[in-house]
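Top line first, the protein sequences correspond to chains W and A. Heads up, the first sequence stops at 298 in my numbering, and the numbers go up one at a time, no gaps. Heads up, the second sequence stops at 298 in my numbering, and the numbers go up one at a time, no gaps.
Any given hint might turn out to be false.
For chains that are exact copies, the list does not tell them apart, and a pair is met inside one copy or across any two.
[What the hints assert, rightly or not] In silico DSS-like pairs for lysine-lysine, Cα to Cα no more than 25 Å straight-line: (1) K227 - K215; (2) K271 - K38; (3) K45 - K106; (4) K106 - K141; (5) K106 - K71; (6) K271 - K236; (7) K38 - K245; (8) K215 - K102; (9) K197 - K271.
Think of the hints as simulated: they come from the structure by calculation, not from any bench.
Protein chains: 2
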Amino acid sequence: MIWASGWRLASAVSNAGGLGLIGAGSMYPEVLREHILKCQKATKKPFGVNVPMLYPDIDAIINIIIELGVKIVFTSAGNPASWTAHLKKHGITVVHVVSSVKFALKAAQAGVDAVVAEGFEAGGHNGRDETTTLTLIPAVKEAVQIPLIAAGGIASGNSMLAVMVLGADGVQVGSRFVASEEASSHILFKQKVVEAKEGDTQLTLKELAPVRMLKNEFFEEVQNAYKQGATTEELKALLGKARAKRGMFEGDLIQGELEIGQVASIIHDIKPAATIVADMMIEFNLAKKATSLYNFKK
Amino acid sequence: MIWASGWRLASAVSNAGGLGLIGAGSMYPEVLREHILKCQKATKKPFGVNVPMLYPDIDAIINIIIELGVKIVFTSAGNPASWTAHLKKHGITVVHVVSSVKFALKAAQAGVDAVVAEGFEAGGHNGRDETTTLTLIPAVKEAVQIPLIAAGGIASGNSMLAVMVLGADGVQVGSRFVASEEASSHILFKQKVVEAKEGDTQLTLKELAPVRMLKNEFFEEVQNAYKQGATTEELKALLGKARAKRGMFEGDLIQGELEIGQVASIIHDIKPAATIVADMMIEFNLAKKATSLYNFKK
Numbered sequence: 001m002i003w004a005s006g007w008r009l010a011s012a013v014s015n016a017g018g019l020g021l022i023g024a025g026s027m028y029p030e031v032l033r034e035h036i037l038k039c040q041k042a043t044k045k046p047f048g049v050n051v052p053m054l055y056p057d058i059d060a061i062i063n064i065i066i067e068l069g070v071k072i073v074f075t076s077a078g079n080p081a082s083w084t085a086h087l088k089k090h091g092i093t094v095v096h097v098v099s100s101v102k103f104a105l106k107a108a109q110a111g112v113d114a115v116v117a118e119g120f121e122a123g124g125h126n127g128r129d130e131t132t133t134l135t136l137i138p139a140v141k142e143a144v145q146i147p148l149i150a151a152g153g154i155a156s157g158n159s160m161l162a163v164m165v166l167g168a169d170g171v172q173v174g175s176r177f178v179a180s181e182e183a184s185s186h187i188l189f190k191q192k193v194v195e196a197k198e199g200d201t202q203l204t205l206k207e208l209a210p211v212r213m214l215k216n217e218f219f220e221e222v223q224n225a226y227k228q229g230a231t232t233e234e235l236k237a238l239l240g241k242a243r244a245k246r247g248m249f250e251g252d253l254i255q256g257e258l259e260i261g262q263v264a265s266i267i268h269d270i271k272p273a274a275t276i277v278a279d280m281m282i283e284f285n286l287a288k289k290a291t292s293l294y295n296f297k298k
Numbered sequence: 001m002i003w004a005s006g007w008r009l010a011s012a013v014s015n016a017g018g019l020g021l022i023g024a025g026s027m028y029p030e031v032l033r034e035h036i037l038k039c040q041k042a043t044k045k046p047f048g049v050n051v052p053m054l055y056p057d058i059d060a061i062i063n064i065i066i067e068l069g070v071k072i073v074f075t076s077a078g079n080p081a082s083w084t085a086h087l088k089k090h091g092i093t094v095v096h097v098v099s100s101v102k103f104a105l106k107a108a109q110a111g112v113d114a115v116v117a118e119g120f121e122a123g124g125h126n127g128r129d130e131t132t133t134l135t136l137i138p139a140v141k142e143a144v145q146i147p148l149i150a151a152g153g154i155a156s157g158n159s160m161l162a163v164m165v166l167g168a169d170g171v172q173v174g175s176r177f178v179a180s181e182e183a184s185s186h187i188l189f190k191q192k193v194v195e196a197k198e199g200d201t202q203l204t205l206k207e208l209a210p211v212r213m214l215k216n217e218f219f220e221e222v223q224n225a226y227k228q229g230a231t232t233e234e235l236k237a238l239l240g241k242a243r244a245k246r247g248m249f250e251g252d253l254i255q256g257e258l259e260i261g262q263v264a265s266i267i268h269d270i271k272p273a274a275t276i277v278a279d280m281m282i283e284f285n286l287a288k289k290a291t292s293l294y295n296f297k298k
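Generate the whole structure from the sequences, applying the supplied hints.
Dropping the structure here:
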């Protein structure tokens, strides 16, 4: 959710009854400070910050989070052992994002309070095993005792109920909120998400860090580089710097990196975050009632 | 389900209250005739035959199915327009297997009675779009009006309920029945399925026909061929003939092709087919009851 989830989206989600998250991955420390302060003014409900731990300014980020009294941190892209104890010592609830049972066990051992298990269909950075949400959630549920939040492919109340039936205690929703009014994503990118059809995203750049993105000219250049046997160094050079910002924040749909989940194919409109949350809850409750109609006889 | 689903498994599933399918993909016409006759003796319940339409002896296969009075045919791997009208003229219910909305629409236009929508996590042959079951089912539900059967990643009553919440009217279960007593799969392959962990399967050979298989020495040879820039012809030569039979039927775990879904990682035992069906129904009903406990408040 880099370049999408700033204070506007996070506070709107929290005000609507969800847990809003500020995505620190695209923010310099002082930018994050500003977003946290604005979010605190915009909502009295709890919200959290997602911190990719491989971030160069990670120490400054963590210090700001603690200093400003943020109560919930979602960590990703790194070893959960690095920061969990430190954050928990400051009374912070720590949730770690994983893509496999192996990493879920590692996170539980590191003492996190909950894990987000994210399947292959999710947008952005993703696991190497390509395990889909439908397979991943029951597998993680079987392996760890701590609360389990499902992610990847969830954009409706029905999919929310579906993953809870598989064992999840809650859901993390990304792509659906990119197509929200409050997301800081460029409007051209939001429109591209709404127009996306099946097969329009693909997981690529597995040699660097696997990432799911929309297929555009930049994506095709990456695929051509593969066909010509590009080295990891050449792929890094091709990716360059600020591709994600260029695509998702500046709206360069041709040469930018456009991270979104497969579920974009069934997202058809840009809505206020509060409407997204309310609609999901209506769908969830209807789907829950409908299960009583599922009867089989021999 | 080639080399797994003969008359023993099909009749056991039908006797247990499911709809057993004979997989014709690995059978010469006269072998299929024998399996249908034996299945008719072993069960009075309905059963079906799955027919990959690119099969060389397709005319003979279809004639035998009609001659022997089989009432349900699942077609796959080919154009649903080729045989649907002919089969329906003979009173046969036709279900077509698809991996995308595009092919689901094509199947509906061809007049099939229902579609199986199979996600990326499924074993064996698979779609090019890599759409996972969690994304595919709501998308197909949105697009077609005919009954929708979900496949890929379903091996428990919970996953069965989950995909029905997403819009499926029923489920097709493959991998779980490979690890059944009645499957004709080699015992060494069944044991390998039961031992499989997350990340042990991968979709490969996309240039020929994408297929998900267990990672063994043969799989590694395919990956090495890719690294060396193998042509489609070279890949075909490497695959050779009868790889699937060698692996799944003859039990060559090293050089055979071992087709199975991601969900193998959460299949832990070989059971009679009737126990698999009964256990799924128990899980399904428990999961259904449990949904009444899912309550959220702001």
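These are the hints, each one checked on the structure:
In this assembly of identical chains, the alpha carbons of K227 and K215 lie at most 25 Å apart whether taken from the same copy (16 Å) or from different copies (23 Å). In this assembly of identical chains, K271 and K38 lie within 25 Å of each other by CA distance solely inside one copy; the values are 22 Å within and 57 Å between copies. For a Cα distance limit of 25 Å, the shortest separation of K45 from K106 qualifies neither inside one copy, at 30 Å, nor across copies, at 48 Å. Taking the shortest alpha-carbon separations for K106 and K141, only the intra-copy value of 14 Å comes in at or below 25 Å, while the best inter-copy value is 38 Å.
Proximity of K106 to K71 under the C-alpha cut-off of 25 Å is restricted to the intra-copy arrangement: shortest distance 22 Å within a copy versus 51 Å between copies. Neither within a single protomer nor between protomers do K271 and K236 lie at most 25 Å apart by alpha-carbon distance, with minima of 36 Å and 49 Å respectively. Taking identical chains as interchangeable, the C-alpha atoms of K38 and K245 lie at most 25 Å apart only when both belong to the same chain, with a minimum of 22 Å there against 63 Å between chains. For a Cα distance limit of 25 Å, the shortest separation of K215 from K102 across copies, 18 Å, qualifies, whereas the shortest one inside one copy, 30 Å, does not.
Taking the shortest Cα distances, K197 and K271 sit within 25 Å of each other inside one copy (19 Å), while across copies they are farther apart (40 Å).
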